[in-house]
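Residue numbers (the numbering used here), protein chains in the order written: chain A, 111 to 393; chain B, 395 to 893.
To be clear, the hints were calculated from the coordinates, so they are not data collected in a lab.
Some hints here could point you the wrong way.
Said to hold, decoys possible - FRET-style restraints, in silico, Cβ to Cβ: (1) A:Lys-152 / B:Lys-599: 27 to 37 Å; (2) A:His-390 / B:Gly-877: 53 to 63 Å; (3) A:Glu-364 / B:Leu-657: 48 to 58 Å; (4) B:Ser-652 / A:Asn-356: 54 to 64 Å; (5) A:Ala-335 / B:Asn-456: 27 to 37 Å; (6) B:Leu-657 / A:Asn-356: 26 to 36 Å; (7) B:Gln-484 / A:Glu-157: 31 to 41 Å.
Stated by the list, open to error - In silico DSSO-like pairs for lysine-lysine, Cα to Cα no more than 30 Å straight-line: (8) B:Lys-738 / A:Lys-271; (9) B:Lys-603 / A:Lys-191; (10) A:Lys-348 / A:Lys-299; (11) A:Lys-382 / B:Lys-738; (12) A:Lys-382 / B:Lys-483; (13) B:Lys-815 / B:Lys-546; (14) A:Lys-152 / B:Lys-499; (15) A:Lys-152 / B:Lys-815; (16) A:Lys-271 / B:Lys-599; (17) B:Lys-502 / B:Lys-650.
Positions of the beta carbon are idealized from the N, C-alpha and C atoms, including for glycine.
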Amino acid sequence: MSTAAARERRAESRGQERKTRGKKIYSPGEWIKINTRGVHHKDLNREIRALAERGARKFELRKVYGQRYIGTNLWGTERDKIKIRVYGTPGSDMGAFMDGPEIEVFGNAQDATGNTMNCGKIIIHGSAGDVLGYGMRGGEIYVRGNVGYRVGIHMKEYMDKVPTIVIGGTMQDFFGEYMAGGRIIVLNKFFEGNPPIRQSYFIGTGMHGGNIFVRGDVEAHQIGAEVGMEEPTDAEWKIIEKYVGNYCKAFGLEARQAKLLRREKFRRLSAKSTRPYGRHYAY
Amino acid sequence: MLTALLPEFNIERDEDRCIQCRVCERQCSFDVYGYDADHNVMVHREENCVACQRCTVLCPTNALLICESRYAYKPNANWTREAISDLKKQAETGGVLLTGMGCDKPHKNYWDHILINASQVTNPSIDPLREPMELRTILGRKPDKLRIVNGKLQAPDYPSIELSTPIMFGAMSYGAISYNSFKSLAQAAYEFGTMFNTGEGGWPKELRKYGSATIVQCASGRFGIDLEYFNDASMVEIKIGQGAKPGIGGHLPGEKVSEHISLTRMIPEGSDAISPAPHHDIYSIEDLQMLIHALKEATDYQKPISVKISAVHNAPAIASGMVRAGADIIVLDGLRGGTGAAPKTLRDNVGIPIELALAAVDTRLRNEGVRNWASLVASGGIRNSSDVFKAIALGADAVYIGTPALIALGCTVCQKCYTGKCAWGITTQDPYLSKRVNPEIGTQALTNLLRAWSLEIKELLGCGGINSIESVRGNRLQLRGIGLEDWELETLGIRGAGQ
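Could you put together the complete structure from these sequences and hints?
Next comes the structure, spelled out in structure tokens:
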């Protein structure tokens, strides 16, 4: 019908406009410094996008002060080659729906970092807020310090995509709720000898896939009814070694790697059943 | 324990007409029929019958009659047969009662209490057969004022979608419905110049070519979502709630997650697809604002973002917040909205009728001067073209239909969608059953439905002396109430008939 045809024509002309805009003037190796002070997130992210469309691959964002959605608006660019360094404090939803780029934050991150992320890498040299990695399907997130509440809720995995989060410190409640896949490693490394000030509760409630590996003690009353606690298997231990190795490398903690990787200290939390609510319904 | 339920339906077979061809047996997916070879007769298990009427329609000799059961408990206005059966099922299983389709309880249907105006003498009616009638509808934020540069009207800065008729197909996921049904909806929407909604079950790659007619959903389970999914579509909808089950999530059992569904939802084959009740990144209007803008960023501000809620008591206040949070389109799903599976107690008791919620939201947004910031889509309980017309006059920009579309594909509203055994091949993933919907014939049936409703809406416009649907939008003077109390008329913002 005529409306559909008109709609397509318009979409086509938009595409052409974009093609002519894409003059490549930046070399991929060049670190492009952007002073973000007082720049609204929409303008900042559009600038990064426009630069990426013109060949830029490496960005150094200075004086970041709460700008949201860094790394989100990169669909249609060569996003898996993009690297972004963030100095300061990025806003919420950093790397939301992200599909390829690598973001390194020299500071703390706010809420919903890596929200529904599909691919890519996020390295945070501080702590992160709530809802880190919600619904994440792929990629890696490394947090040097602690994370807030509701982290890793409904992470899932699919074919070659197995999302992984490594947390150096500790976490708060509702950790890995509804988890359907992927893995989270918690190192509890700031609390050797001293238990954390506050225990977290409702870990893995409703979990039906994936694994949480915790270094240090977890008590039965902290975990959801659907979760079982066991020793990691040999294959899983190899995965832990690999990703804890990555963690140490990312933050220059290689000297502590051997101490962090004592196998007897790790517990695996995983779903007792892939059908936690099988008996919930009549007919 | 003994199953103590009486059959819901009686099957009467005219043995003189029956030729023992066993079509009924092959067509029934609920295991009602068997063949007794010794006596050359068909046998019935009446207790399994759901009255989907597949067998009666396909019986070549019209030998079958399925009718309401004559088995009866002692009549009782409180302890009805349904109430007794429900209790027995719960005693047997200890589980939550499930059901499908929209609420079937006789809550007051306000569409049936609203009447439409017509022109007589003082302003002429218009003949749609002769004169152009405009049904074209544009959804999305509208500017606060027109911008004119050098005498030329400038295009608004906001992204929008254009529909050839104010009727879209509501969210029904691939998983809830069969692939062929899903494809029929996509093709029909594309051909007719309107939109269908993928629901939260992902969007098969081979159907991406219908992107100009596709709305994709971002719901709490975040299934099948990536940047390509958003950018291939025309609009992204954040699903907060659904009229049939406000405030709870969804649950596609692992046995329905076949290879192709697993590919589309991006989850492993056979694993449960659980959508949590809330989005865990949305606990407030501010959080909603965050997700709306994350989606705007993800689509480079090229697509309108809609937010769908179920019609609940405080819908007007919530809608006001949603508009301020940046939603370009607000979808309200009413009490009678359909579902593939929902707890019966929620479906029948939670939420409010769409008629009241729609009028209240429209009034609120107008009073606050933000009505143009977002379009309003009504859904849940729209049955025909006059319901569409009334919804638009109450303030909707467009409507979503679900059940009428499924009925066009063959559905008989037997409410057994949640069993996955749909004999009409619509709400099933069984390849043997789902072949019963032919996507080409389905597309034709759906475009016929859209055409018929559009023609009828033009007639309704014409009789009122109006030649554009735009002039009906929020034009409540076109409506009068009948059999309504003062508070109902006030909420609907209409006068009583004769006033």
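Verification of the hints:
For the hinted restraint 27 to 37 Å between A:Lys-152 and B:Lys-599, the CB-CB distance of approximately 31 Å keeps it satisfied. At roughly 41 Å, the beta carbons of A:His-390 and B:Gly-877 sit outside the given window of 53 to 63 Å. A beta carbon spacing of about 41 Å between A:Glu-364 and B:Leu-657 contradicts the range 48 to 58 Å that was offered as a hint. Look at B:Ser-652 against A:Asn-356: about 36 Å separates their beta carbons, and that is not inside 54 to 64 Å.
Distance hint check for A:Ala-335 and B:Asn-456: the Cβ-Cβ separation is about 55 Å, which falls outside the suggested range of 27 to 37 Å. At about 30 Å, the CB distance of B:Leu-657 to A:Asn-356 agrees with the hint of 26 to 36 Å. For the hinted restraint 31 to 41 Å between B:Gln-484 and A:Glu-157, the CB-CB distance of approximately 60 Å leaves it violated. Of the pairs offered as hints, the one joining B:Lys-738 and A:Lys-271 is violated, with about 37 Å between alpha carbons and a cut-off of 30 Å exceeded.
Note on B:Lys-603 and A:Lys-191: the hinted pairing holds, with a Cα-Cα distance of about 28 Å set against a maximum of 30 Å. Note on A:Lys-348 and A:Lys-299: the hinted pairing holds, with a Cα-Cα distance of about 20 Å set against a maximum of 30 Å. At most 30 Å may separate the alpha-carbon atoms for a hinted pair to count; A:Lys-382 and B:Lys-738 meet this at roughly 29 Å. Only pairs whose Cα atoms come within 30 Å are accepted, and A:Lys-382 paired with B:Lys-483 is accepted, the gap being roughly 28 Å.
Between B:Lys-815 and B:Lys-546 the CA atoms are separated by roughly 58 Å; this puts the pair beyond 30 Å, and the hint is violated. Distance check on the hinted pair: A:Lys-152 and B:Lys-499 sit about 48 Å apart at the alpha-carbon level, beyond 30 Å; violated. A distance of roughly 48 Å separates the Cα atoms of A:Lys-152 and B:Lys-815; the hinted pair therefore is violated under the 30 Å criterion. Our distance criterion of 30 Å between C-alpha atoms is met by A:Lys-271 and B:Lys-599, whose separation comes to about 18 Å.
For the given pair, B:Lys-502 sits about 36 Å from B:Lys-650 by alpha-carbon distance, which is inconsistent with the 30 Å threshold.
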